[in-house]
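Put the two chains together into one complex, using the hints given.
Sequence order for the protein chains is X and R.
Read left to right, the first sequence gives residues 12 to 417 (our numbering).
Read left to right, the second sequence gives residues 4 to 342 (our numbering).
Hints were generated in silico from the structure; no laboratory data involved.
Note that this is a predicted model, so its numbers are computed, not measured.
It is possible that part of the hints are untrue.
To be verified - Distance windows between CB atoms, simulated:
| no. | chain 1 | residue 1 | chain 2 | residue 2 | range |
| --- | --- | --- | --- | --- | --- |
| 1 | R | Val-312 | X | Glu-371 | 43 to 49 angstroms |
| 2 | X | Gly-280 | R | Thr-167 | 39 to 45 angstroms |
| 3 | X | Gly-280 | R | Ile-218 | 52 to 58 angstroms |
All C-beta atoms in this analysis are idealised placements derived from N, C-alpha and C, irrespective of residue type, glycine included.
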Amino acid sequence: MLSTRLSTAAFAAVIAFAASGSALAQKKYDTGATDTEIKIGNIMPYSGPASAYGVIGKTEEAYFKMINANGGINGRKINFVTYDDGYSPPKAVEQVRKLVESDEVLVVFNPLGTPSNTAIQKYLNAKKVPQLFVATGATKWNDPKGFPWTMGWQPSYQSEAQIYAKYLIKEKPNAKVAILYQNDDFGKDYLKGLKDGFGAKASMIVAEESYETSEPTIDSHIVKLKATGADTFINIATPKFAAQAIKKIAEIDWKPLHLLTNVSASVGGVMKPAGYENSQGIISAAYAKDGADPQWDNDPGMKKFLAFLEKHHPEGNKIDGSVVYGYGAAQTLAKVLEMCGDNLTRENVMKQAASLKDFEPDTLLPGVKINTSASDFAPISQLQLMRFKGEKWELFGEIMSGDVSN
Amino acid sequence: MSAATEDAVTEAPAVEAVPKRAMTLGLGTSLAVLAALVIAPLFVKNFIIFQMTMLLIYALAVLALNILTGGSGQFSLGQSAFYAVGAYTSAILMEHVGMNYALTLPIAGIICFAFGFVFGQPALRLSGVYLALATFALAVAMPQLLKLGFFEHWTGGVQGLVVTKPDAPFGLKMSQDMWLYYFTLAISIGIYVASVNLLRSRSGRAFMAIRDNEIAASAMGVNVALYKTLAFGVSAGITGIAGGLGAIAVQFVAPDGYTITLAISLFLGMVVGGVGWLPGSIVGSAFIIFVPNIAESISKGLSGAVFGVLLFIVIFLVPHGARQVAIVAQQLIGKLRKG
Numbered sequence: 012m013l014s015t016r017l018s019t020a021a022f023a024a025v026i027a028f029a030a031s032g033s034a035l036a037q038k039k040y041d042t043g044a045t046d047t048e049i050k051i052g053n054i055m056p057y058s059g060p061a062s063a064y065g066v067i068g069k070t071e072e073a074y075f076k077m078i079n080a081n082g083g084i085n086g087r088k089i090n091f092v093t094y095d096d097g098y099s100p101p102k103a104v105e106q107v108r109k110l111v112e113s114d115e116v117l118v119v120f121n122p123l124g125t126p127s128n129t130a131i132q133k134y135l136n137a138k139k140v141p142q143l144f145v146a147t148g149a150t151k152w153n154d155p156k157g158f159p160w161t162m163g164w165q166p167s168y169q170s171e172a173q174i175y176a177k178y179l180i181k182e183k184p185n186a187k188v189a190i191l192y193q194n195d196d197f198g199k200d201y202l203k204g205l206k207d208g209f210g211a212k213a214s215m216i217v218a219e220e221s222y223e224t225s226e227p228t229i230d231s232h233i234v235k236l237k238a239t240g241a242d243t244f245i246n247i248a249t250p251k252f253a254a255q256a257i258k259k260i261a262e263i264d265w266k267p268l269h270l271l272t273n274v275s276a277s278v279g280g281v282m283k284p285a286g287y288e289n290s291q292g293i294i295s296a297a298y299a300k301d302g303a304d305p306q307w308d309n310d311p312g313m314k315k316f317l318a319f320l321e322k323h324h325p326e327g328n329k330i331d332g333s334v335v336y337g338y339g340a341a342q343t344l345a346k347v348l349e350m351c352g353d354n355l356t357r358e359n360v361m362k363q364a365a366s367l368k369d370f371e372p373d374t375l376l377p378g379v380k381i382n383t384s385a386s387d388f389a390p391i392s393q394l395q396l397m398r399f400k401g402e403k404w405e406l407f408g409e410i411m412s413g414d415v416s417n
Numbered sequence: 004m005s006a007a008t009e010d011a012v013t014e015a016p017a018v019e020a021v022p023k024r025a026m027t028l029g030l031g032t033s034l035a036v037l038a039a040l041v042i043a044p045l046f047v048k049n050f051i052i053f054q055m056t057m058l059l060i061y062a063l064a065v066l067a068l069n070i071l072t073g074g075s076g077q078f079s080l081g082q083s084a085f086y087a088v089g090a091y092t093s094a095i096l097m098e099h100v101g102m103n104y105a106l107t108l109p110i111a112g113i114i115c116f117a118f119g120f121v122f123g124q125p126a127l128r129l130s131g132v133y134l135a136l137a138t139f140a141l142a143v144a145m146p147q148l149l150k151l152g153f154f155e156h157w158t159g160g161v162q163g164l165v166v167t168k169p170d171a172p173f174g175l176k177m178s179q180d181m182w183l184y185y186f187t188l189a190i191s192i193g194i195y196v197a198s199v200n201l202l203r204s205r206s207g208r209a210f211m212a213i214r215d216n217e218i219a220a221s222a223m224g225v226n227v228a229l230y231k232t233l234a235f236g237v238s239a240g241i242t243g244i245a246g247g248l249g250a251i252a253v254q255f256v257a258p259d260g261y262t263i264t265l266a267i268s269l270f271l272g273m274v275v276g277g278v279g280w281l282p283g284s285i286v287g288s289a290f291i292i293f294v295p296n297i298a299e300s301i302s303k304g305l306s307g308a309v310f311g312v313l314l315f316i317v318i319f320l321v322p323h324g325a326r327q328v329a330i331v332a333q334q335l336i337g338k339l340r341k342g
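Chain R extracted, bound-state conformation (with noise of 0.2 angstroms):
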């Protein structure tokens, strides 16, 4: 009886199994994407490219996020929690020591994989619901965390800490704006490169595995503990760059940015790009920033339900999201060329 029960809670979540292969773009695909985004700045107004750049960092934390859930098949609800350690670690050190906004990130990126790290220790017990759950109650307790008076020197308590938006270097002349926005553009590239190698090695085989089946994993050799412990680790270091980049895009860190509502929009950010698919990442990241903006244009006192119905249209019509869009396209493509 006990046994069944806990067959029952360590039961593997049901993520679907991506092959590896599954899980990029074709090359001519990934080109004309990446020309596209290289371009598209030189043609709009400055508001747009901030948007873009919000986009690319609200893209790298649903990018964190897949590559755990996706990846190694663990849930989280406390990624808002990490994007906010990140935020913070690069605001303080570029606003009370003077450091160098480029020089923050990988600080952060460090900081925030040694905490994921370390809240992976206890959550190996928990899977599944449960531990969305434990993750939950970390993205609920770090707004709050964070006005402690205890901290109130460095974070600035409920006053938050303003950001100096960094200028152009070389003396290149592009506005605050484009260059932030080039600089998130290299550092997204670079992880986004640098996340699906990781997930074509041996550490990505292993947390595949681990997605897959876990008793099967173990038994073929592969530390379980090490390797959930690690994918808890990459992602949380991922989300505290994305939250670094953010609180410089942003100018303004405080605990009411990182609410629990943040962590929700990365995980539907996630499912709507296709979890388990890295380019989705970026479909999802504009699914969060811009339907909203769509629901309220349709209804200012109902911006809510309208976002509640077109979130379910999309979960109901295409429930695997921008992969199977892009999976479709694809075979119709084929079609053509055959005809």
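The shape of chain X in the complex, shown without the other chains (with noise of 0.2 angstroms):
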């Protein structure tokens, strides 16, 4: 009895299937996607010692609301689940198992943090969903071979310091540089590009020192980098050690080219508690526009991020960073999911990330292109060079790229 009504319910079924099949031939969906909905996972740290970055998932999650109250994408509204992991990476684990296997989401999308995206890397790529546009700096993510279902969205530190190398080599081919770099990954992938970048004329760098995080001062660093007579110090450190840095080099009256790693360019966070005046002439790169600056208020890009924070999201800041990245991010993935139409499989999600060409988001810079192909998973590559005079940053120069090859 209950063998027959099994099976009629499952012939039922395939005629249901078979109908729908003949009647939406073009439409291919794998879970987490359906005729009127796109399931998207995220999680970011809400809470614990990355909060701060908590702004990207708010902002991000305004966004699509913005899109479906616009109609959504394809006649699509994108379901944008989030959740906290404390930047712990068990806690990351357990929350993208959950959009993964609970949930049920299409893509996980720009989860935040190297050590969460590192714990839910192996798993994702196992279970082949797409772990798209990594919310971090790490040169790794680049790997389209052994990780195809992962990559990464801002341009690495790798690539970030090949363009100081380039312009370097460009405009001061005789300097004698000094590094000072974080002994950690951060640190560590930023001085693998520098030394790529110099290439051959690696003989440039005349000194290189780490500092800990541990340490109170990095002062007796600074004293040890001038003593080797360098006429240019790169400074990679996080924002508390490179304004003690810029201040340390003023007070004892070195006066190198002193160039700074984009982690470490805010005028609040920095140039501003090194003191305006220790900080003219520092030369940095950036691939976003700074909500802070005049110079973008008429910039029609601009003027669509502001109108979405006025009329979406009243308490985003304009001249936070994470603001503008939330936003640049979000917008790629939406780009993504246009072109993907009615294919909404994890497969072309992950085939149309790898098409995009020459695709400006609102935030960029004017120029800075996403470019992504088969064997290119660094979507941002591009930067500009800026100098810090007065109280804010000038950009100079082209757009440079700084492709970097795993």
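Structure below.
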């Protein structure tokens, strides 16, 4: 009795499936996508030591709300499910498994933090779920052969470092370069990029010093580096230490050409506490527009961004780099989903994400374009140099690219 | 005057004395819980099985703290350090030495036992809040020690180590998650039974005598120094095994996973489960795993505040945690039977 009923049900299901299959021959779906909805998963540190970055998740949520209010993507609404991982790798694994196995999302988008992403990378690749546009600057995400389901977004530390090396080789070929770097994944990734960038001219580097984040001050390292007679200083430090370095260099009356990593190029967080008078002439690089900079007030992209903040995300602060970041990343995902059309399989999402051509999100610098291919999983690899003058950064020179192959 | 200050410093912490019979569940209840734990995974998704595995792992770590605090009356906020040492021991042995995952666990346990025993020596001079602070220091120092360049070749520094998840052995048709769950369950039962027996044994009585009154215990001939450090060692050893299992289940170890927050969570789990009541460990573990998720589903921006309110309610209504609930339930059942 039961088996007859079961087989009838199965038969009916087969017929229904066949019917829908023939009627909607063009449409293909994986778990997480339907005619009316696309489910996107995300993890963010809303609590814990890195909770300042939680703003990124909130901005993305607001961005997708705006998309839904405007009719969705190809008629489908975005259902953005975001969980807190507290910047803890075990929690990240738990939350991502919940997203994939319980919420059944189509892709995991923009998960934040190098440790959390490392923890979930193997799992997501084994499950063949896209780990799309991860929010970390490590270079290892660009590995299409080893991890075909993982893709970065922002310029990697190595591409940025290569740009500085290119600049020095061109503008100051006889420079004697001293490098200060933080002894962790960020500092080391960066150092490798510099060395690769200098290539045969690696002899330009006359000194390297590393510091630990547990050191109260890095003054002694700066004094040591000055003593080597170097005339160029590359500052690979997180904000607190970068500011200390700028101050100490002024104090001991050392006047090298000073290059500073984008991580610490914050006017409010680094240049102001280090003293504007000490920061003049420092060179750094950027890929996104600065919300605090009045030169973008009439920029069409930034106008869209500001309108979005006003209407859909009033608690977002336009001078917060994380808001600008979240907007750009969400826009890139929206573009990829749009390109997928009615073929919303995980495989096609990765394929489309790997075929972005000259895409320009509203918040990126003019000329910085997103390009990907089957062998290039590093969407943004261009930056523009900038020099600190007065109380703000002034962009100069051309857009430079530092493509890093793994 | 000086004698008075010293008294204040060494006074035993306010852990309520738990009679040893009240430390466990009745045979019937134990079997019912065990049956539930064995059968449940057959009906749920892999993700839930993974959560249940983490539940058992944290329950082991809470149990270890319970032996230390509930048994011998010593506080520790440093359990995350032992957990980290266990996790790294297993991960390094598996990934660098290529050892079988099951064999790494006893080694993790032994290394952590030694570590806890050695740490227990200086801790002898401290008690109560001072001991809590000393162990707190250990928990704060551990993530930084793991990042040190000196160990980096082994620990992977900030990048951490990725661990390969074991398949079910003997060609069993079972998912990796389910196998790992039953593997963890078997170890947990073993450790639980051993812990109950430990606390019922001569050593357990010595722990409890020290907890209740150190001077009286030493007058009875208990070697106070030895048993206090031994309690630390046993607790660290079990925590280490839990850490090793955690590394295998999560497939990744990194310094950021073992911060002071973990130590405080474990402490919280112990209080919620009932200090000194071993079966409460699993309730405490459930609290630290699921309640943050519930809090997050209520309000994303205020998840911390909601968690705080929930915790406050629990502590206010049932200050003795799950043990209190269990006792009330037992009395109710007793009344029903009589009626």
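Quiz item: Does the hinted range 43 to 49 angstroms hold for R/Val-312 and X/Glu-371 at CB?
Solution: holds, 46 angstroms
Quiz prompt | Cβ separation of X/Gly-280 and R/Ile-218, checked against the hinted range 52 to 58 angstroms | solution = For R/Ile-218 against X/Gly-280, whose Cβ atoms are near 56 angstroms apart, the range 52 to 58 angstroms holds.
Quiz item: Within 39 to 45 angstroms or not, the Cβ separation of X/Gly-280 and R/Thr-167?
Solution: holds, 40 angstroms
The structure is consistent with each of the numbered hints, conforming to all of them.
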